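Participant: Construct the complete structure from the given sequences, taking the supplied hints into account.
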Amino acid sequence: MSWFLFILLSVMAIGGGLGVVATRNVVHACLFLLFSLLAVAGLYVVLLTEFLALVQIFIYGGAIIIVLLFAIMLTRSKEYPSISDNSQWPLALVSGLALFSLLTATFVVNSSSFEEMHRVALTDLGTTLFTDWALPFEIASLVLLLALIGSIVIAKVERRR
Amino acid sequence: MVTLMHFQIVSAALFSVGLYGVLARRSAVLILMSIELMLNAVNLNLIAIASFTDPERFAGFIIAIFVITVGAAEVGLALAIVLRMFRNRATVNIDEIELMKW
Chain A
1 MSWFLFILLS VMAIGGGLGV VATRNVVHAC LFLLFSLLAV AGLYVVLLTE
51 FLALVQIFIY GGAIIIVLLF AIMLTRSKEY PSISDNSQWP LALVSGLALF
101 SLLTATFVVN SSSFEEMHRV ALTDLGTTLF TDWALPFEIA SLVLLLALIG
151 SIVIAKVERR R
Chain B
1 MVTLMHFQIV SAALFSVGLY GVLARRSAVL ILMSIELMLN AVNLNLIAIA
51 SFTDPERFAG FIIAIFVITV GAAEVGLALA IVLRMFRNRA TVNIDEIELM
101 KW
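So the protein lines, in turn, are chains A and B.
Once you know that position 80 of the first sequence is 80 in our numbering, the rest is easy, because the numbers rise by one and skip nothing.
Once you know that position 94 of the second sequence is 94 in our numbering, the rest is easy, because the numbers rise by one and skip nothing.
In case anyone wonders, no lab produced these hints; they're calculated from the structure.
Be aware that a few hints might be false.
What the hints assert, rightly or not - Ranges of calculated distance between the beta carbons of each label pair, as one might list FRET restraints: (1) A:I57 with B:L99: 35 to 41 Å; (2) A:I7 with B:M100: 42 to 48 Å; (3) A:S113 with B:A59: 19 to 25 Å; (4) B:I81 with A:A98: 27 to 33 Å; (5) B:L99 with A:E158: 17 to 23 Å; (6) A:A121 with B:L99: 49 to 55 Å; (7) B:M1 with A:L146: 43 to 49 Å; (8) B:I94 with A:I7: 34 to 40 Å; (9) A:L122 with B:K101: 44 to 50 Å; (10) A:E158 with B:E98: 20 to 26 Å; (11) A:D124 with B:V67: 15 to 21 Å; (12) A:V11 with B:M1: 14 to 20 Å.
What the hints assert, rightly or not - Coverage of chain B stretches by chain A, computed from C-beta distances (three or more under 8 Å per stretch; other residues unrestricted): (13) 6–20; (14) 34–45; (15) 56–62; (16) 65–78.
All figures in this text were calculated on a predicted structure; none of them were measured in a lab.
All C-beta atoms in this analysis are idealised placements derived from N, C-alpha and C, irrespective of residue type, glycine included.
Facilitator: Given below as structure tokens:
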């Protein structure tokens, strides 16, 4: 059962990713990205981490896709329905394939003996996050605040006097 | 039986697809989407390793949460820059944004 789900969700995730980089229409690319992100959330469920699957669906499926669609609609360029790749795409294809073969060879050669997945209790995760990782947590909130202020400052329309 | 290696291979495939997208696309928004794919591949790798190894340590899960946080901040900032670029230059094609090209 878990094997079947894994194959199905992996094909969906990688297929969605290929759709993002292959389609000519920007809005279609955004919807393919949503598809791929939801499939990755399904893979998190296969990995027994339901909490991170929920976080993935809320933040990526909810927030980031909506913000990307907003940006597409606000920068409505004439070439969006049929955007072309740049002329170095064969080089990009070669480097993508080379990276994939290198990583796959590494993972297969150094294949680990772990076969059992562990479920981590959400309370343990929360306790660790707020004790051992308290300082990085506060820094992350600062990063979010700065990104918020920075994006407002950058995107603001200044009026000429 | 699904092992750690299979998740790592899926994550490698997603990362390579994202790399191709970053190198081959011309629109800034599409490059951002490819970066999101790469961040997701990294997250999948982190969570798979954390889930298959020691159950007493959660560093992988927590780093994945931080990656999602930083990814959200990055998208917000980058899209503000894209909007600004579009307002000033009326294009989001990065081949035409060559002000800082040396």
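Participant: Can you name, in rising order, the numbers of the hints this structure does not satisfy?
Facilitator: Those not satisfied: there are none.
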